[in-house]
Amino acid sequence: MLSGWLFNVCFFLSVLAARTVALHAEQFDEELTLRPLRDGKLAARFSFTTLLKGVAPRNPERLDEDDDSQHYTLFPLALGQILREYAVTEMHLTLNAGNWAYDRWGYPDDLGVSTGAELWAWMGEGGPVTVDDRWKGLRNALAGLFCASLGSLDEQRTTSPALTFQPEGSLPRWNASHQLRHATLPSEHVCTENLTPFLKLLPCKARSGVAMLLNPHRLFDADWHGLGVHVRYLDAGVEVRLAFQAVFDPVRLSSDKRRDWSLRSVFDRTIDRACPVARSSEVRVELLPDSAYAITPDPSEIDGNRATYAVKDRTEPLDVAMRWPGEEAFQYPIEAAPLSPLSVRRTLKGSSQSDAQLSVVIRNNLPVQVRSSYLETMPWLVEFYLHTLHADIGGVPRDDLVSVISYTAPVPHTRPTLFQAILTLPPKTTLHLTMDVTKTFLRYTEHPPDAQRGWDLPPAVLIPFDFGEDPIQNHTTSPGTSAKYARPARPRRIYTSVLLVDLATPDFSMPYNVIIMSCTLIALIFGSVFNLLTRKFVLVRLDGDSAEQKPDVK
Amino acid sequence: MDFRLAFPALVAGRLLLAYTSLPDVLKNDHQLSSPLTSYSRLQEGVYLFQQGFDPYSGGPFRHSPLLLSVFSTVFPLTRFTSPILWTACDAVAAWALVRIWRARQNIAGSMRDTLVAASYLLNPYIFLPSLAFSTSSIENALCLTSLMFACQGRSSAALMALALLTHLSLPSILLLFPVSLLLLTDPFSHLAFPRPFVARIPSLPPLLAEFTAYFLGLCAAATLLCGNTTWVEKTWGAFLLLPDLTPNPGLWWYFFTEMFDHFRPFFLMVFSVHLLIYALPLCIKYQHDGVYATYLLLGVLATFKAYPTLSDPGLFLSMSALFPETYPYLRHPIVTTLLHLHASLLLPLFHNLWLTQGTGNANFFYASTLVFGMANGAALLDAMWAGLRVAIGEMRGECEVAQE
Amino acid sequence: MDHSSRPLVDPAKPFFESNHTRRSIIASYWLVVLLAVPLWWTTTSIDRLSLPTSRVLAQQDKQLVFPVHVCLSTQESSLAGPTATLARVVQQLLDAEREMQERSGVHIHTDLDCDRDVYEVEVLSGTNQPTIEGKRLRFEIDETQVMSAMRLTDTLLTLLAPYVTLRSNNHQTERVLKYAPRYRLALSLLNEDATSEHSIKAWDVQGHLSKHISPILDRLSVLHNFTVESQIQFHAPLAFEPVTLQGSGQEVHGLTQEHLTVFVNSAEWTLSSSVSNDPVIHFILFVPSAKHTPLHILDAAGQPVASSAFILPQWGGIVVHNPNSAISESTVLVPSELDLMFATFRHQLMTLLGVPELSKNIQSNQSLTDWQIDALLRRRAIENAQGSKDTLRSIVQLVRQIENMPVGHDVKDDVQGSLTALEQTYAAASSSLHASIERSKEAITLASRAFFNPGMLALLYFPAEHKYAVYTPLFGSIAAPLLAAVIRELMAWRRTRHGAQQAGSKDAKEKVD
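Chains as they are written, first to last, in the numbering used here: chain A, 1 to 554; chain B, 1 to 404; chain C, 1 to 513.
Please note that the accuracy of each hint is not assured.
[What the hints assert, rightly or not] Capping the alpha-carbon separation at 25 angstroms, the derived lysine-lysine pairs in BS3-like fashion look like this:
(1) C:K13 with A:K312
(2) A:K53 with A:K312
(3) C:K201 with A:K200
(4) C:K13 with A:K536
(5) C:K291 with A:K200
(6) C:K201 with A:K53
(7) C:K201 with A:K312
(8) A:K349 with B:K27
(9) A:K200 with A:K53
(10) A:K200 with A:K312
(11) C:K412 with C:K62
Read the hints as simulated data drawn from the structure, not as lab findings.
When you get a sec, could you build the whole thing from the sequences and use the hints?
Quick look at the structure:
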């Protein structure tokens, strides 16, 4: 009787406990931002944010204990399992195709535009499993989830450039500190196989809401496209943001070279119905103030240069369209000022398969001095000669403008290079950086199947962070010229384009031939030496048949 | 030509060449400097060391900590100072070679001195690596200095130089056998009239102990300079484990580029042990002439060691000038010379075709290293034959000396 | 020095031509070769430790049998005599069923000795159905002894040996999941189309889990650990179109038996968990869209059946929920509906885990009686023991067949650990069921870890011929002169000794002459 009563009490308490622990609200917001660009293109950014309120990332020190049960309504369970299994605090995965043209398009809405795959994660230290083991598990699990070859983001690609990749959310205050792991795979291509699992993580998939527009045929035809998964920890809880960015070319799509666009013309779809579980579901269009355009239908709200449509309020399918009735055909702007504070061009010079020169040309577009960090994470295929790092401006050596802050030398077959420097860029000038590099020679098993194609090298990353005082602006307030470059609230990354390096290849059909030929030569010399050392000298008569005669010896 | 005039002239010529733009063209050439002797890598290591980074934490720098400390403090490496140092190394080496020649003949000077010095200073296998500022020039100078001291009977100096050489280039430890032999006998030429080595076994352990002491002292100094022992794996480990597969004229790099991963450790062991197997038999067979045994062992090292450059066979070929008595007994000098000529044309040509022009492939250069290996082997065998054959003397009548 | 005029000397005269020098050279070659042999060994040897093959084979014939002690007792003095008789008759009847007991891995023994912690049958007079309280069975008798004894024997057998066909396969066992130390329970609420009016947007999953499922999980924690998780999906379309029936005035949709087998649309539903190797048991609450409501399961004749739930063997359970039109406005499930569904889930879970069903005529106040759990434990212990035996035998056979297969320390330790645990499983069977199941869990875990050890696969692709092709070019041509030299020297040495002997004997002869 007593035991029964006790059991009931325990049961009741456990029910209560379960309810209090796991009672967390989830909210889902979706948004599509459309931005007509100066060169007639259209940048689209889909953003799907799920916030799991009142939940903290898993503490790695408690990895050996049973985890709390995961009960989700909107949060993707497949991703939640991975995050908790490997105790990941913050994670960013991007899969992109193409080079982002900062000069013409300005900063992207989502900063991660590195070509190919990029994965970085902040994880707490301590606990039974090391950060590196969890990093390995994380990338394998994500590789499985997104059908991407992230498994090859191994130790040979992994670095920890903590200065450049600061956490975007906050880090929980645990006993042990947090560690960054970062890896890139520029040769990875994003395609439909990656989009399908991406869509499965959305509560409404691609069946309702803004995500209905994610039509793979159109997305992967865009000039630039990429998807991203961003997990961070905010004070409110854990936030997962799935993003898809693309840059379309309506001029190319249109028959009469006009830049007019509509959702139907760009995506071949419209938004037919709202996602029933989204808290907010909006389409935003950035308006160009200095051109004569028409936008249909009437937006729900116009705030400055931005028109907003709330998808939930609409009963009929939404098809936003923008037209420039005054334009016959779109004229490409000529010699327009770059839209980003820095313009970067990075190349690998030299035709030899053993040496090359890395050349980086950085132009500061601002009328003020800019300080910027510069990061190279190079696989060990290419080794830097740091002592040949030189900077010049217009042919005048200015090595004082570069200060190296950290360098991790590569280890063949094991570890990549990490190079971080601070560059000081005088106003409106172009800085040339050059550095000799040497290309390594690989074992024949280390080459990829298409070895002659070469290796993609990851992009360098610049973060302009310290904008000096503008002398002109202080004296004469000239609006329009420099006020355009509002100093960013937060330092933002600029990725350079990737490089292709061709390494010398061995002959892949040769292993046995080489073994046989080298061994034969060695055995030949060895055998001859051995014979010379061990055989006896004899005299041989040249004409006669009786050998080993010994004529008149003294 | 008078030696006192010719020698400075040769050295000055070398120095002038080093101040042209030739070194900039040659310094990254794979045939002239290996990853373990490259000037660029040495500069990189010194730069990293001066910037406060550990140069041994990564793969590019594989030079000895002693070189690192010398070049980062006492002797800065610049475009002005380097030619002086490398020319000085060559001059010392050539001078040592002349002294060895004199000690061997037991004379104060001869008409041949100039020829001997020129054989070193004008040997393209020697002066091209030297123009590329390959540290193999330093190793060669140390090797000849050690041999010179040994010929002069100055055992401590000889062992010190040998210990330093071994510290810079691990396979040179094989030379300990013939150098000890030389220290226990006399340097004179006994090739024509061989006599067995009279065993003075009790005097051997002190020599070995002295060498070990010097060697350990150098290791201790290196460890002290670095603060840890990672340098051991990066410098000596490279000779045994071949982590860097940069092409060179030797036999190892392509073999291990193409080797199956499963057999790699085994063949690395075999190739290292294979080097070791020659030391004792050669010293036993040529126990009557320590210099000759050293010479032959250098030939073995030049053919079979892990990261050879052209300066290794160069040293072997230059030393041939010390043994004119063997010339009449060379078995097939024409073939050997032609093979060497052939190889020295093929090597740069195919290297260029493969890596610079991009029109050839790796097999081109590999084939030329095989030819070069054959040339080195032929020279070695020729020298071995002649070294033994000279003892039997001139043939008269219808007979020929052969081996059964 | 004029070299050209040097006279010829006997080629055998220089000291280096002496036998002694030559032999020491050959010896020094062999010295280095011999010194390299240990290095050779360490760089090429495959780490192949010997496995305890004989111990593994010795295990193969053993059968795990649990002795079960049942005592009969009674509080009623009038029944003391009949109880004793009953015990004896039941034992006789049970002995007749020895073969069936053996198949279930039990050996039942009945007596009147109720001191220890054993299964107890309390005999009462009456006509009620038997009831279970903990380990006690209240059994009421009124009819003849023989009938009672047969009834009691039958009851005991269904309770203690419910898996009649444990050592052979049948439909029931095929549903049961393979043993795993940890299962992942994944509950999914799937809306076929959330934009339709019948969708369910939320459910109180935690509350009902703790009410219906957690007690079971706690009882089973001896055997398994569980990770529980849940999710909701708003667009989970079916991969097929259900059949449409014209029911009583209303259109009814049906799932045929074929539909049930392809019901799970793994292409569109995100169900699988890729994170760990633990097997997943799925429980799906499927809410059809408005155009498929109501959705019923059809029997073989095409008629709707009453139940809306079904089990996919070894995979999980599915409940189809047709929202009640009266309360369809609500997008959450009311507790009474959820209670029903979770009770179904609980039943499905017990079936999938192999918990024996309590026969209908036995009453119990618990949802899961000690008798059921013990039967399950015995079943899993037997399965695990059998599984570990089979796995160990496979490992031993595999290693024997493939000579290149490396066997590392971890594999050997796992095999030995598994064997030890297996032996302890047998040893503990007679004394403690719980100790036995613990050891059997260990045995199967270690055995499968050894079997799937990735290190054992490393060299499968390097056959012996390949090895010779790699070794021969160098060693064939190097070994030949080395061996030939040794043989030649040996022969020369024998000849000289022979010659010396002959010369000696000749001398002696000459002397004699």
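Verification of the hints:
Restraint check for K13 of chain C and K312 of chain A: the C-alpha separation of about 111 angstroms exceeds 25 angstroms, so the hint is violated. Between K53 of chain A and K312 of chain A, the direct Cα distance comes to roughly 23 angstroms. Compliance with the 25 angstroms bound is thereby established for this hinted pair. In summary, the hint linking K201 of chain C to K200 of chain A is supported, as the alpha carbons are separated by about 18 angstroms, within the 25 angstroms threshold. Taken as a hint, the K13 of chain C and K536 of chain A pair is honoured in the structure, with Cα atoms around 11 angstroms apart against an allowance of 25 angstroms.
The suggested pairing of K291 of chain C with K200 of chain A holds, with an alpha-carbon distance near 23 angstroms, which does not exceed 25 angstroms. Restraint check for K201 of chain C and K53 of chain A: satisfied, since their Cα atoms lie roughly 18 angstroms apart, inside the 25 angstroms limit. Annotation: proposed proximity of K201 of chain C to K312 of chain A holds, straight-line Cα distance about 17 angstroms (limit 25 angstroms). Straight-line distance between C-alpha atoms of K349 of chain A and K27 of chain B comes to about 18 angstroms, which keeps the hinted pair within the 25 angstroms bound.
Taken as a hint, the K200 of chain A and K53 of chain A pair is honoured in the structure, with Cα atoms around 22 angstroms apart against an allowance of 25 angstroms. For a cut-off of 25 angstroms, the pair hint linking K200 of chain A to K312 of chain A stands: about 22 angstroms separates their Cα positions. Of the supplied pair hints, the one linking K412 of chain C and K62 of chain C holds, its CA atoms being roughly 22 angstroms apart against a limit of 25 angstroms.
Of the numbered hints listed earlier, the single one contradicted by the structure is hint 1.
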